[in-house]
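Undergrad: Sequence:
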Amino acid sequence: MKIKMQVILFYIGDFPVRSYGLIVAISILLGMGVAIYFARQAGRYVQHVSGLAMYAIIGALVGARLWQVFFFEWEYYAKNLLEIFALWHGGMSIQGGLVGGFAAGAFYTWKYKVPFWDFADTVAPGIIFGQGIGRAACLMNGDAFGSPTGGNFGLVYPPGTYAYDTYGSQPLWPAEVWEGQWDMVVFALLLILKQTNWPVGYVFLFYNILYSIGRFLLEFLRGDTARTLGMTAAQWTSLAVIVIAFGFMVYLKMHPARRGEQSQTES
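Heads up, the sequence shown is in the working numbering, so the first residue is 172 and it goes up one at a time.
Keep in mind that the hints were calculated from the coordinates and are not lab data. Among the clues, some could well be false.
[Stated by the list, open to error] Ranges of calculated distance between the beta carbons of each label pair, as one might list FRET restraints: (1) Met225 x Asn251: 24 to 32 angstroms; (2) Arg430 x Leu362: 14 to 22 angstroms; (3) Met355 x Pro329: 43 to 51 angstroms; (4) Ile179 x Leu388: 26 to 34 angstroms.
[Claimed, not checked] Listed below are the simulated DSS-like cross-link pairs for lysine-lysine, each with C-alpha atoms no more than 27 angstroms apart in a straight line: (5) Lys424 x Lys365; (6) Lys284 x Lys365; (7) Lys424 x Lys284; (8) Lys424 x Lys282.
Don't be surprised by glycine CBs; every beta carbon is placed ideally from N, CA and C.
Based on the sequences and whatever the hints tell you, model everything.
TA: This is the structure we're talking about:
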């Protein structure tokens, strides 16, 4: 079965409404909604979710673009410098977005004196839920694509996408689709983990570990990035995140983080 993606959904006058931007916007709003829900359930941080989101969105956009440019496609962007600023064409690294978003989030919690680890536990399900929805943006845009399946099954991208420029009309593995599905599995696992008495910060660290495991494995199907010592940049990043997350788990076990106080206006 062959499925073609739609980069431009429709036009408003002469303005093209691109599937990439629309889906990313929807994923951010849905992720925020989930985060607010769990903040209300916890009885704290509701007033901080939107503020954090503003910081995280800016940090994520900068991090996602720079990560994509310098770690994945520098050879292309070095010859097309103006394309670095053409965000509507796609080319955003989720891992770079997470690094940038987490850095901005850490700055926000420091600035407003919010307990970082407890806040991170609260919003982690919203983050992975938004990621799962957002992966559809890559699917529709024709980036983050898989390698050829070698058969008559897979995803076929239309002309004008990076996938078509790389492989033409060959059917490709649905790597980005399966990653979005894995994100939803991680979301469900986090809901289960939140019901148990883990140390503060562990739910957020489990999110990092589980997402990175899935991303590491699915990268073997990717066809859009070069490999160094047999692995892609995303796989090296995933391994680093897993090691760092386990390190933080040991640290938080020995030095427990505090929980935020429940706000009576949010209970």
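Undergrad: For which of the previously enumerated hints does the structure constitute a violation, in increasing order of number?
TA: Per hint list: single violation, 3.
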